[in-house]
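Going line by line, the protein sequences match chains Z and G.
Each residue of the first sequence is one higher than the one before, counting from 1 in the working numbering.
Each residue of the second sequence is one higher than the one before, counting from 1 in the working numbering.
Quick caveat, the hints were computed from the structure, so don't treat them as lab data.
Quantities reported herein were computed from a predicted structural model and do not represent experimental measurements.
One or more hints might be untrue.
What the hints assert, rightly or not - Here are the simulated distance ranges between beta carbons:
# : chain 1 : residue 1 : chain 2 : residue 2 : range
1 : Z       : Pro-60    : G       : Arg-162   : 28 to 38 Å
2 : Z       : Ala-318   : G       : Leu-96    : 43 to 53 Å
3 : Z       : Gly-323   : G       : Val-207   : 45 to 55 Å
Glycine residues also receive a C-beta, built at the ideal position from the N, C-alpha and C atoms.
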Amino acid sequence: MGRDQLAFVRKHMLPEAPPPATQTGAVKWLRENLFSSPGNALLTIVSAYVVFQIIVSTAPWFINGVWESPSLTACREILEGKMGGCFAVLTERWNQLLFGFKYPSELYWRPGLAFLLLFIAAAPVLFGKVFPRKMLIFTGLYPFIAYWLIWGGSLLVPVFALLGVLVGAFVYSRMVTVNAGIAVIVAFVAALVFWILSGYVTAPMENVMAIEAVASRDMGGFMINLMLGVVCVSLSLPLGILLALGRQSSMPIIKWICVVFIEFIRGVPLITLLFVANVVLAYFLPPGTNFDLILRVIIMITMFSSAYIAEVIRGGLAALPRGQYEAADSLGLDYAQAMQLIILPQALKISIPGIVNVAVGLFKDTTLVSVISMFDIVGMIRGPILASSEWNGVYWELFGFACVLFFITCYGISQYSQWLERQLRTDHR
Amino acid sequence: MTTMTDPPKASFQLSMLIYDTRYRSYTFQFIALVLLMLLLGYLGANLVNNLAAQGQNISFGFLSSPANYDINQRPIEYDSQSSHLRAAMVGVLNTLIVAVLGCATATVFGVTAGVLRLSPNWLVRKLMAFYVEIFRNIPVLIWILIIFTVMTAVLPSPNQFRGDGADASMFMDAFAFTNRGVYVPAPVWGPGSLVVVLTFLASIIGVFAYRRYATKLLYDTGRLLPMGWPSLVILFVPTILIYFVLGQPISLNYPALKGFNFDGGLHIRGSLIALWFALAIYTGAFIAENVRAGIQAVSKGQTEAAASLGLRPNRIMNLVILPQALRVIIPPLISQYLNLTKNSSLAIAVGYMDVTGTLGGITLNQTGRAIECVLLLMLFYLTISLAISAIMNVYNNSIKLKER
Numbered sequence: 001m002g003r004d005q006l007a008f009v010r011k012h013m014l015p016e017a018p019p020p021a022t023q024t025g026a027v028k029w030l031r032e033n034l035f036s037s038p039g040n041a042l043l044t045i046v047s048a049y050v051v052f053q054i055i056v057s058t059a060p061w062f063i064n065g066v067w068e069s070p071s072l073t074a075c076r077e078i079l080e081g082k083m084g085g086c087f088a089v090l091t092e093r094w095n096q097l098l099f100g101f102k103y104p105s106e107l108y109w110r111p112g113l114a115f116l117l118l119f120i121a122a123a124p125v126l127f128g129k130v131f132p133r134k135m136l137i138f139t140g141l142y143p144f145i146a147y148w149l150i151w152g153g154s155l156l157v158p159v160f161a162l163l164g165v166l167v168g169a170f171v172y173s174r175m176v177t178v179n180a181g182i183a184v185i186v187a188f189v190a191a192l193v194f195w196i197l198s199g200y201v202t203a204p205m206e207n208v209m210a211i212e213a214v215a216s217r218d219m220g221g222f223m224i225n226l227m228l229g230v231v232c233v234s235l236s237l238p239l240g241i242l243l244a245l246g247r248q249s250s251m252p253i254i255k256w257i258c259v260v261f262i263e264f265i266r267g268v269p270l271i272t273l274l275f276v277a278n279v280v281l282a283y284f285l286p287p288g289t290n291f292d293l294i295l296r297v298i299i300m301i302t303m304f305s306s307a308y309i310a311e312v313i314r315g316g317l318a319a320l321p322r323g324q325y326e327a328a329d330s331l332g333l334d335y336a337q338a339m340q341l342i343i344l345p346q347a348l349k350i351s352i353p354g355i356v357n358v359a360v361g362l363f364k365d366t367t368l369v370s371v372i373s374m375f376d377i378v379g380m381i382r383g384p385i386l387a388s389s390e391w392n393g394v395y396w397e398l399f400g401f402a403c404v405l406f407f408i409t410c411y412g413i414s415q416y417s418q419w420l421e422r423q424l425r426t427d428h429r
Numbered sequence: 001m002t003t004m005t006d007p008p009k010a011s012f013q014l015s016m017l018i019y020d021t022r023y024r025s026y027t028f029q030f031i032a033l034v035l036l037m038l039l040l041g042y043l044g045a046n047l048v049n050n051l052a053a054q055g056q057n058i059s060f061g062f063l064s065s066p067a068n069y070d071i072n073q074r075p076i077e078y079d080s081q082s083s084h085l086r087a088a089m090v091g092v093l094n095t096l097i098v099a100v101l102g103c104a105t106a107t108v109f110g111v112t113a114g115v116l117r118l119s120p121n122w123l124v125r126k127l128m129a130f131y132v133e134i135f136r137n138i139p140v141l142i143w144i145l146i147i148f149t150v151m152t153a154v155l156p157s158p159n160q161f162r163g164d165g166a167d168a169s170m171f172m173d174a175f176a177f178t179n180r181g182v183y184v185p186a187p188v189w190g191p192g193s194l195v196v197v198l199t200f201l202a203s204i205i206g207v208f209a210y211r212r213y214a215t216k217l218l219y220d221t222g223r224l225l226p227m228g229w230p231s232l233v234i235l236f237v238p239t240i241l242i243y244f245v246l247g248q249p250i251s252l253n254y255p256a257l258k259g260f261n262f263d264g265g266l267h268i269r270g271s272l273i274a275l276w277f278a279l280a281i282y283t284g285a286f287i288a289e290n291v292r293a294g295i296q297a298v299s300k301g302q303t304e305a306a307a308s309l310g311l312r313p314n315r316i317m318n319l320v321i322l323p324q325a326l327r328v329i330i331p332p333l334i335s336q337y338l339n340l341t342k343n344s345s346l347a348i349a350v351g352y353m354d355v356t357g358t359l360g361g362i363t364l365n366q367t368g369r370a371i372e373c374v375l376l377l378m379l380f381y382l383t384i385s386l387a388i389s390a391i392m393n394v395y396n397n398s399i400k401l402k403e404r
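Using the sequences and the hints given, assemble the complete structure.
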């Protein structure tokens, strides 16, 4: 009887006790991530205070912001001495910020449409798995459509330019069986000859199927940044690949031409190349030729970024194991086939992050054209808008707007590249 | 019966220049060379024609003629009667000043942010990620303009420092932040100050000597000398003693409000500060990523191995992690320095008189010698780039893992 009372045998399991309050949920997270040590706690408090101060001091600026007002003085009257941003400058000068101050306002729909079509053209390239391959045809046509939409003029110009490309492609496909290198040269010459000849055809027919033409000097705003960025990156990719292959080549003369070009371009700042485009390039062209400033800038920026892309791709080529080259040789592939089928697909895949870095850097560097008095978005802000009597002195709203535009674009591109890297990863980790 | 014969000697045929791999590369190189020559000849001929049409020539004689313009920041003696060459030299020095200041500051920002991005503190980690993403994704030109706007449009004018109850006041009575620039106390080098400086330099050498001796002693005998406080003592005590023995030869010249402007002290222009800080913050964001990547590149096993040898955390950092991380960090760091130097040419946007502003800006516009000016400008940047690349190659070879 007594023994039964003394001996205690638990007959059933106790329910699990919850972990101590300090070891679960928000408290645990706080302890581990914010207050793990006295130093950390101090750091947390200091940075939280800084963040709090920043938010408190800028919040009224956003909340009291004025979105409708004809000028800065009117905007200040509306604010009545309160702190607030005059975002009205953005709504009032929206078109100037995007298209520049000379682009005919009734034609804004054209660059706008070109911008929308850009997404359709880029979609099959960027997301090859989602969109049908047939859309690539549109991508091929896009440069000519976009040129026609933005610059206007006769439809014959882009059509003949397209025909020239087709002639070049046709010649290449016939010659490639002989030798790829020679085929490229001959195809290029054929296209060039076609373009020069077609110049005689299109010149007298300026008004055939023409829409209103807009001169390059009338363009401005963020449109120029986008145009320069897209055009120069797409042109510099093939050029960069050629330069990288040339630098790897076993032929000393070709190798040294590429090395000198790449090292020279990489050694000087972009701004000096823009000076070249602005004041020097004209000396090296036949007397009487009148190149657009935009075209000259495109040439120089393309050269600039192709040198950087060449270095990135060279890194990718060097990272491939030697066995890949030897395997291609042992299959009996010639140089062009080996590059096209074995080496480049792998090397380009390795180079994607680097290429995207170059592309983002290049896009940011397009703001430098404002230094040679082109009115891109920075040029527009510093020039016509801040100099106007209505908006003299409204800095933060304008610079903030430019920052937002660039941040969205560049951050978007870099996020895309990280996604692409994950997609292309073939090792299973 | 057949007899063995030599294979027929291949006689050289013209088609072998294309089809035979032995000769094909010569064909290609020849074609490339001819095309290059044609291109250069074409450009050269155009240049000669254009110059002849405008009655110009290529000559660098303009460099010795008077520049006729003023430069607001002059590290060496210069006035408007000095030559264009002198103006270019002033520009070069100004470029180097902003480049050195920018590189040093960018390293501080970058290393701090890079290390803090790996901090166990969630808030700090996120803040640093925010800093890096914001600054990497917005053009440096916009940052330069933003900071320049702060310097010129937001800071008070010197006039506002006047009188009692003024709108603005000097920071600690020594620093004045005005829209004409920042005024800071300037050191005045009295007689005997050279001795103080030399003493300080000698103390630095002394610290290294002491540390070396302590390490040697540790390896030879196993005796561990303290490192921290003796280093500090060697570094500061002799200098301070000499400074007071010689009767405080170095003094500070404080800026003071005189007339419409501040006088005395060191005047740092808003354009320099805008350029310096914008470049430093922007490049710092890139350096932060390099530093983070470098530290993460050292595998965790290294830390654990060092810990299992009984090393303490700070020794693990100094002896195991850092030497390996630096190998990864330093090459991209140097190329960031190079980028910063090249980006300093954006000075022209805020009127800082670097070499792009003098040689590529005013001199070019005044003399109309576009080709010569741009050529000299490119040569200058090219020299710096190639010199830094050469140093980097030597360094890379010296730290390369010796593998077999």
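Hints, verified against the model:
no. : hint                               : result
1   : Z/Pro-60 to G/Arg-162: 28 to 38 Å  : holds (30 Å)
2   : Z/Ala-318 to G/Leu-96: 43 to 53 Å  : violated (33 Å)
3   : Z/Gly-323 to G/Val-207: 45 to 55 Å : holds (52 Å)
This entry does not satisfy hint 2, going by the numbered hints stated previously; all others are met.
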